[in-house]
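Put together the whole structure using the sequences plus the hints.
Residue numbers (the numbering used here), protein chains in the order written: chain P, 1 to 306; chain E, 307 to 614; chain Z, 615 to 1152.
Keep in mind the hints are simulated off the structure, nothing from the lab.
Virtual Cβ for every residue (Gly too), placed ideally from N, Cα, C.
One should not assume that every hint holds.
Quick look at which bits of chain Z chain E covers, simulated, 3 or more residues with Cβ under 8 Å [as the list claims (entries may be wrong)]: (1) 887-893; (2) 939-950; (3) 999-1013; (4) 1052-1059.
Lysine-lysine pairs mimicking BS3-like chemistry, simulated, CA-CA at most 25 Å apart [what the hints assert, rightly or not]: (5) E:K505 with P:K212; (6) P:K303 with E:K505; (7) Z:K1128 with Z:K892; (8) Z:K762 with P:K52; (9) Z:K720 with Z:K854; (10) Z:K892 with Z:K1000; (11) P:K303 with E:K520; (12) Z:K808 with P:K52; (13) P:K52 with Z:K820; (14) Z:K809 with P:K52; (15) Z:K1043 with P:K52; (16) Z:K981 with Z:K1000; (17) P:K52 with Z:K813.
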Amino acid sequence: MFTFISKRILEAIPTLLVLITISFFLMHAAPGSPFSSERALPAEVLANINAKYHLDEPVINQYFYYLGGLLQGDLGPSFRYKDFTINELIAQSFPVSAEIGIWSFLVALILGVGCGIIAALRQNSWVDYSVMAFANLGIVLPNFVLAPLCILFFSIYNHWLPPGGWNGGAWPYLIMPVIAMSTSYIAQIARITRGSMIETMHSNFIRTAHAKGLPKHRIIFQHALRPTMLPVISYLGPAFVGIVTGSVIVDVYFGTGGIGQHFINGALNRDYSMVMGVTILVGTLTILFNAVVDILYAVIDPKIRY
Amino acid sequence: MITTQDKIQAIEQFAEQVTEVEGRSLWQDARRRFFSNHAAVISLILLTLITVVSLLGPLFSQWNYDDIDWEALSDISVLGRPNIENGHYFGTDTLGRDIFVRTLQGGQISLLVGIMGSAVAIVIGTLYGAASGYIGGRVDSVMMRFLEILNSFPFMFFVIILMTLFGRHIFLIFVAIGAISWLDMARIVRGQTLSLKNKEYIEAAYACGVSTPKIILRHIVPNVLGIVVVYATLLVPNMILLESFISFLGLGVQEPMTSWGALISEGAQNMEIAVWQLAWPLAFLVVTLFCFNFLGDGLRDALDPKDR
Amino acid sequence: MTISKTLIASAVLAASISALQVQAADVPAGVVLADKQELVRGGGSEPATLDPQKIEGTPGSIRSKDLFEGLYNQDGDGNQIPGVATSYDVNADNTQYTFHLRKDAKWSNGEPVTAEDFVFAFTRSVDPATASPYAWFMEIPSIVNASKIIAGEADPSTLGVKALDDHTFQVTLERPVPYFVKMTSHQNMFPVPKKVVEKWGDDWTKPEHMVSNGAYKMDEWIVNEKMVFTRNQHYWNDAKTVINKVTYLPIESPNAELKRFQAGQMDLSYELPNDHYKQLLREIPDEVVVTPKLGTYYYQFNTTKAPYNDVRVRKALSYAIDRNVITKYVTGVGEIPAYSFTPEVVNDFNPETPDYATWTQKQRNQKAQALLEEAGFDKSNPLSFKLLYNTNENHKKIAIAIASMWKKTLGVQVTLENQEWKTYLETKKHQQFDVARAGWIGDYNEASTMLDLLTTTHGNNDGKYSNANYDKLLHEARTMQNPAENYNKAEAIAIEQDMAVAPIYQYTEKRLVKSYLGGYMPNPEDNVYVRDMYIIKH
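Right under this line is the structure:
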């Protein structure tokens, strides 16, 4: 286990470096700059701004400045939000998205796995169809439809919940974002769990267990659940990263101030340091949770070797 | 044991009878199982129907997908309602364009995008994941780290640069969608492969000297198809919605052409005042997704090598 | 209107202005105020900065008007009224302005607002080290040495601004610019607290450090969630201010904003979704407020490229646009059809109606067909081109409608091309377009803010229109006491004669305002001050 973890940490460094390098140069290759605007700036004014942000130097120099800052844990000043640094912006917005994300993840995991198992055990019955129909609706209703629907229902027709805001994460402000965020994940987890469970129930060792006359709940929880979870966990790794890094729709509709908005706006505004900041964040989380998934594989199936 | 002439004859006769019974191949078996699954067959019929209607339906309307009904434009929330008389069976959008024709025209694009995206995911994702998991060791590490890089990469810049380099072309949507659709699939398949690798039959094949590509294609891939099919059906709606975001960035479908993703996101803006603008394209997407879903399950059951 | 006319005409005499009434919440008799005077406003997108000298864009601008106060403010009609300055004198050749500052103006930390703070702010704006994107705003009135300092050729301390004493601030211009005083209500000329900025550097705008001189001060700033201002007890006119707390919600999507408004979480919106306008007008007519805005929406022709270098083609395309249909049905939010480049709402100048504006659409269409044929395009040789716009629901609708009109009337084949914002700007900047959507919102209430745009050397003249007479007229107008005549001639050249661009409509400011909110007075430049507002008991 120790060698596995240290090996992964050692691999993470070059992986991140490659990610940073490719992203950095690709980003600078895109048309437009952080300071191009509808009002074309007079050349002298633009020159002063570019000088301040080193944009007048070759991209390769900018790259090394950036790496230099990064080594000291400095993600640089935001090109767009001039009053803040990227460190400050991420420190402010990531916890919001992470809180929504973790709640959504728990809800999605419990409901998704639950629905999937129930549907699989009653395969092709009305229970299966209705549970899966519900789950599928979650996939088809995109969150940009679901979010305004939630607001219409909970805040405009009934004044049950505030239509937006965050207020430090008070629970009334948390409910709608979690609904909008978790629905499609519930559905996807349910579908994968169901498929996997059906496959497991058809395999020889479950048949043997049945033949031995073991009670059904013991078969399910002691024998079938572990192999069923294998593909679910493969899915959950990237899904977890996606869920804690928020969604632009949730942030815009509910005004939560989460990090999701920064992904889209960072790129649209050509806020170079913001794009790099969120890319590094996602990269680190992806590497981390893929390692966690690999460890979980070994826990579930001790025969797995890498 | 002494065998008599009679017995030999009887055996020969029996053998002749046996050879007359036709052997069934794996694929015939699968087909038979598939067609006995009613939900899957109905879904297949419906999907075919939706495809045919998308292609031919526009011919049965007096409107083109880019026609503006200047009269209806004056008050969409009243004159733009679904109405048989003026030919707007599904109503009009905020510009007075016919939703019926646009939904069908959008269906052509979206079905193509959904199916192509899933196809790329199935082919590349499965092979990549299976290879990575089966070969293991350093190759697995490198392949997985590469996947992590692609996963975290700022996708929007990829799209923007594609557009500035090559201009707008429908083919580029497939490049952009194809570039990301297979990533999660590859991870899932790799996970399954890791566990399959230790199964007796794979070890037996390896011991018999079967080559690596053959083991992957013949033994690993058929055994992960179940989860691949399920995940591929999940991808279809994601791809359809992703297309509208790519169009937002300037690559992809260009107005006045449309797609379900674009229609739904436009409709969502006006759901309180003109619900038909959202309802029709969404209904088509829902039905299509359900069909893909049952079709996927049917295929999965039919192709499951364990289940016979 | 009369006040600002006086402003210019009487520039020499001056000082009469101090007698004018000062704006503040003007609660009519009989109105009962609510107990809770807290306002929640939609704020557009999150502002890039709150540093007055660095602000660009409306979201930052509207917030700065509550935090800071410049020499002069504007009333509901866009006229100048005293702010930190109570009056000013000007020398005989109209190049030296001396502002008399009120003695009771204070920063939110209790220290007085001095002329030194203005000197510091003006200098800061042009100092290359500040890297202000609005530095050019100081060049427009030709403040002495502004251009040289920006170009790095002179020391920032040589700028033509001086503190004669604590309460007398003097600005020297290189040439007389009649609209200089109007420009002082722009945030770029707002004062900043010298001591605070020197102490914290770039960090001075952090909520915990910021000190301001407006009616409100910063309390809380959570990016993309909210910005909360509370009353500045030291504000000189605090006694007349009614609202105690202002919250700005940064919401980019007008639809999302509408939901917040409908749910009762917001009192004053930033905008409203066009498609909902008619419905809102039916349901809550009292709460929909549409006012003209100083800006024009237009289509730009790439005049460097054939056939758009042919005036006949440009005219044909422009004539064939049915502006009434666009404004009435496609956008449908009370915009005024535009036939000239300068919007009517601009002060001191009423653009003459060009001929083609008086024709019927049918006449225009016939004329357009004839012109296009003359230029060599017909059914066998149809004109076909790309129409560029930045991705946006409204631009898309207009583009589709106009493309359809062109197709119907002229048989022109139009391919629509949308691009995300920054790509669109690059494409336009490098003239890689045929016809492109464009829009311009004026920076100050004077016609040159629009007309300068079509001069040969202007940085935003992406269509590269160039006409020596036009340039000359506008150059002359800069120093004229009454430039309206030149502006009219310029309009006639650029639009009537050359159709450099096809004006489509004049912008409007459209907002949702709760009926219990009093004192909301949008003017053409959208200088709205929360200190003028009050919440009625409801």
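Is the hinted pair K303 (chain P) and K505 (chain E) satisfied, with a Cα-Cα distance of at most 25 Å?
holds (9 Å)
Do three or more residues from the stretch 939-950 of chain Z put their C-beta atoms closer than 8 Å to C-beta atoms of chain E?
As far as the stretch 939-950 of chain Z goes, the hint holds, because 4 residues have Cβ atoms under 8 Å from chain E.
Would you mind confirming whether the straight-line C-alpha gap from K505 (chain E) to K212 (chain P) stays at or under 25 Å?
holds (22 Å)
For the pair supplied as a hint, K1128 (chain Z) and K892 (chain Z), confirm whether the alpha-carbon distance does not exceed 25 Å.
holds (17 Å)
Would the hint linking K303 (chain P) and K520 (chain E) be met if the CA-CA limit is 25 Å?
Holds. K303 (chain P) to K520 (chain E) sits at ~23 Å (cutoff 25 Å).
Distance restraint between K52 (chain P) and K813 (chain Z), which requires alpha-carbon spacing of 25 Å or less:
holds (20 Å)
Within 25 Å, alpha carbon to alpha carbon, are K762 (chain Z) and K52 (chain P)?
holds (18 Å)
For a C-alpha distance cap of 25 Å, please report whether K809 (chain Z) and K52 (chain P) respect it.
With Cα atoms ~23 Å apart, K809 (chain Z) and K52 (chain P) stay inside 25 Å; holds.
Residue count check for the stretch 999-1013 of chain Z against chain E: does it reach three with CB-CB under 8 Å?
holds (count 5)
Between the stretch 887-893 of chain Z and chain E, see if three or more residues pass the 8 Å beta-carbon test, and mark the coverage as holds or violated.
holds (count 5)
Taking a Cβ-Cβ distance under 8 Å as contact, does the stretch 1052-1059 of chain Z have three or more residues in contact with chain E?
It is violated: at least three residues are needed, and the stretch 1052-1059 of chain Z offers just 0 whose Cβ sits closer than 8 Å to chain E.
Hinted pair, alpha-carbon criterion (25 Å max): K1043 (chain Z), K52 (chain P). Please report holds or violated.
holds (23 Å)
When the structure is compared with the earlier hints, violations turn up for hints 4 and 10 and for no others.
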